[in-house]
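Protein chains in written order, with this note's numbering: chain C, 52 to 597; chain Y, 25 to 429.
FYI, nobody ran anything at the bench for these hints, they're computed from the structure. Predicted model, so just to flag it, every value in this text is computed and none were measured. Cβ coordinates follow ideal geometry from the N, Cα and C atoms, glycine included. Just so you know, not all the hints are guaranteed correct.
Sample of chain C residues facing chain Y (criterion: CB under 7 Å; computed from the structure) [stated by the list, open to error]:
{"no.": "1", "residue": "S238"}
{"no.": "2", "residue": "R375"}
{"no.": "3", "residue": "S419"}
Here are the computed lysine to aspartate or glutamate pairs in the EDC-like style, where the Cα-Cα straight-line distance is at most 20 Å [stated by the list, open to error]:
{"no.": "4", "chain 1": "C", "residue 1": "K248", "chain 2": "C", "residue 2": "D427"}
{"no.": "5", "chain 1": "Y", "residue 1": "K210", "chain 2": "C", "residue 2": "E356"}
{"no.": "6", "chain 1": "C", "residue 1": "K295", "chain 2": "C", "residue 2": "D315"}
{"no.": "7", "chain 1": "Y", "residue 1": "K210", "chain 2": "C", "residue 2": "D510"}
{"no.": "8", "chain 1": "C", "residue 1": "K62", "chain 2": "C", "residue 2": "E77"}
{"no.": "9", "chain 1": "C", "residue 1": "K248", "chain 2": "C", "residue 2": "E237"}
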Amino acid sequence: MQLTLNEVTKKFGDFTANDRVSLTVEPHQIHCLLGENGAGKSTLMNVLYGLYEPTSGAVEIDGEPVRFSGPGDAMAAGIGMVHQHFMLVPVFTVAENVALGHESTRGASLDLESTRARIREISERYGFAVDPDAVVEDLPVGVQQRVEIIKALVRDAEVLILDEPTAVLTPRETDELLEIMRQLRESGTSIVFISHKLREVRAVSDVITVIRRGRVVAQVGPETSTDELAALMVGRDVSLTVAKKPARGGGAALEVRGLTVVGDNGVVLLDGVDLDVAPGEILAVAGVQGNGQTELTQALVGLEERVSGSARLEGRELVGLGTREVLGFGVGFVPEDRSTDGLVGTFSVAENLVLDRYLDREFSRGPSLRLGAITDHAGAQVVEYDIRTGSVDSAVATLSGGNQQKVVIARELGRPLSLFVASQPTRGVDVGSIEFIHRRIVAERDTGTAVLIVSTELDEVYALADRIAVLFHGRLMGIVGPDTPREALGRMMAGEPAVAVVPPVPWDYSQQPSPSEQDNGAVVRSADAARPRSAATDRPEGNPTA
Amino acid sequence: MSASTAPAPTEQVSAPPPTELSADGQRRTLLGSTLQSVLAVVTALLLGGLLVAVTDEKVRHTAGYFFARPGDTFAAMWRAASSAYVAMFHGAVYNPSGAGLSGKLYPLTETLTVATPLILAGLGVALAFRAGLFNIGAQGQILVGATLAAWVGFSWHLPAGVHLLAVLAAGALGGAVWGGIVGLLKARTGAHEVILTIMLNYVALNLVAWLLTLPGFQREGSSNPISPAVDENAMFPKLLGEHFRLHWGFVVAVLATVAVAWLLNRSTVGFELRAVGANPRAARTAGISVTRGFVVVMLLAGMLAGLAGTAQISGTEHSLTSGVAASFGFDAITVALLGRSTPWGTFFAGILYGAFRAGGVTMQSMTGTNIDIVLVVQSLIVLFVALPPLLTLATRRRRIQEVAA
């Protein structure tokens, strides 16, 4: 089946989300739609899937224009979609989920047997390893995604739309998904792959269509370099690698020892983590979401209830203090989710920029706020951090995601810090803003601040890290150098300790002189500082080879 | 890629742009909400008028020959509704048949008198709303405030000025304690404030009823549950002379409005409370104590309601009965709702409700329209005030669904 979008335009009032977009998805093809958040990818796919009617232009199947009045029509025409957020009923079995909406019945009773058979057949053909009788909520995320794919395949989808499918996956699951995509292509299913992760896009696509501000700006092959793709996506040259000097290292600003967080239900969420962060160093914590990273950052700033162990910042104990006291010691904190934890949506940009600083002498006198000072401060920050807003009095919720994140970053970096803790500092942020935020974080490091970054995006970890710590099920798998291969990090993220994954002398990576490194000593020093600790945390595995 | 055929312009229902990036978005919602409040009042009045017309005796009579002369029915309906509202206006704002200017404006002062406790209690409810708490307990807070104010008023004997201040402080304290209990329980145990306040309303009501049977509280020689009258010194002086009931409590209400406006918009405490109300998780992450915010706001809300109780004791009633709070505590919720929980919105909504109350009596006596119609209009207002947010919520959800994915 050949699927064509012919000059599709979609307008919302005066706003043009898609402007004369044309593209063709051939059979046996993985066609990637690459673009920043808000470029119009999702709108386009919603047109394709029958959720929107195009303002002008048409969707054509095998050259015949078709009109979909809803997803049901699209499905019937052989288009299947796997949404970024899964549309599964957690307490149902796989078979029940697949049958949902298309149940076959025998009299008044539900007939799942045919569905089960279909699932087994598909599962076998593509090596999905999905049990039709497993309950969905018990399955790992990667398998749940396969259930979504099965749902589409059961309905004979010939074109499969995958909307940001790798956002929730571990590197290994991502590789497995890419392999599945290739198999589907071999068997004749064409795939529309929506993503902004350049590495994956290049690895699997046959054709890459780059969309910017609702228009197709280029159609290129997978041999295009990541820098070129990024430039096409953003519309100007972007450097994805942050230029930075080696870390200064020396001593430890933050010393974490045996930090443990227990959840409400008694589950240990963070288990005896030991780590150090030197002043002027970025320690990036990698790991699949939900392995204790959130708890680590929240425990540091006093947002967790049941914490034991110790975290000393320049000799002062942070565990047991309230959030306000911790922040008062010069800790900047960027929470994982800006809209729920970082910003008050109905507050203005100016108010959000002082959300944790309104008691500073600068912004209040006695019980009253200095509204003038707050507005002036906001004006300066908006310029310095390039926050695109109509006015500092606009509600922050009206800003785009990238600009909202810049508000949080500006607030937290806008005062002298001794420790900067950021969780997912660039989640859901466009490439241009990512570049900016990364540069600001490195600049903060260069002033001698200890920086702890949590990220589930390995690209971000590699871009920023001076050392990389990996968490798995709340335990530290080890701390390794910034040049540790992706594959090794992936194995650590799946639960293998560093000593088992990284070759015997892991620090060789950081000691290999590279042309940009002039101050080799610093690198070695910071590496040395990490070595005994990584061995110590592997205690449970009992083979401290280091 | 196939050669392009002429792009066929299709009929398209245009949806709004996915995100609103305009700077005046906030201003527009503010204007919109004021407009919504006004529309809610107007619509409720229209429907109320219809109800008056339909229940009117004459209208029913003319409807008997509706198909012969429909004009009669409509004329009768118009007469019934308009005369009811004219009577209400005469009772609430301006009475053309009053003696002299003071007589003509007497209804307006009555409105303001009735509005005083409504404004004060309404401010308490609005303040709690802004911190994310649904304070149903203004009634109980008024009662406890009034009780303490009355007790200080009749059992202490202090010089002029000092006594009134003591009564004001006592009323504020009583309300603050009653509200503070709620804040404390919510902060400590996570109990829901709606349940707590409703239950404390009952406790307060029965507490007052019980106190009024005690020798120290019940008026000597009276078998009714009524306390002795407070001292002359404990009463609010009349604002416009002895002919009018309007007292200095109204000035207290104005000052309270100014104070709450300052607190919410220009003080650090207000900043915290608003942050706690708008996004408690973000507030907590920013180092603001959410639980402390609950306690503080309930203390303040109770204090304002307690002042409403004081206004009743020192301003109009002068002695404690278990009916001293009337239904002010519950009307305060609708007043705050109609005022969109802003201080000045609450102030004017309070005056409007005061007018309904003052005018309703006149309407009943002059036109025979049942005063309950006022209750219906008030209820309709609440309904219409609550309706637009529901509508916008529904449309917004649909829009999010469209834009998402």
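How about S238 (chain C): closest beta carbon in chain Y under 7 Å, or not? S238 (chain C) check fails; min Cβ-Cβ to chain Y is 25 Å, beyond 7 Å.
Holds or violated: K210 (chain Y) to D510 (chain C), with C-alpha atoms at most 20 Å apart: violated (44 Å)
Does S419 (chain C) meet its interface restraint, that is, does its C-beta lie within less than 7 Å of any C-beta in chain Y? Since chain Y brings a Cβ to about 5 Å from S419 (chain C), closer than 7 Å, the hint holds.
Check the hint pairing K210 (chain Y) with E356 (chain C) against an upper bound of 20 Å on the C-alpha distance. holds (18 Å)
Holds or violated: is there a CB of chain Y closer than 7 Å to the CB of R375 (chain C)? holds (3 Å)
Do the alpha carbons of K295 (chain C) and D315 (chain C) lie within 20 Å of each other, as the hint requires? violated (41 Å)
Hint check: K62 (chain C) vs E77 (chain C), CA-CA at most 20 Å. Holds or violated? violated (27 Å)
Tell me if the straight-line CA distance from K248 (chain C) to D427 (chain C) falls inside 20 Å. violated (38 Å)
Satisfaction of hint between E237 (chain C) and K248 (chain C), Cα-Cα up to 20 Å: Given that 20 Å is the threshold and the Cα spacing comes to 23 Å, the pair is violated.
Going through the hint list in order, the structure does not satisfy hints 1, 4, 6, 7, 8 and 9.
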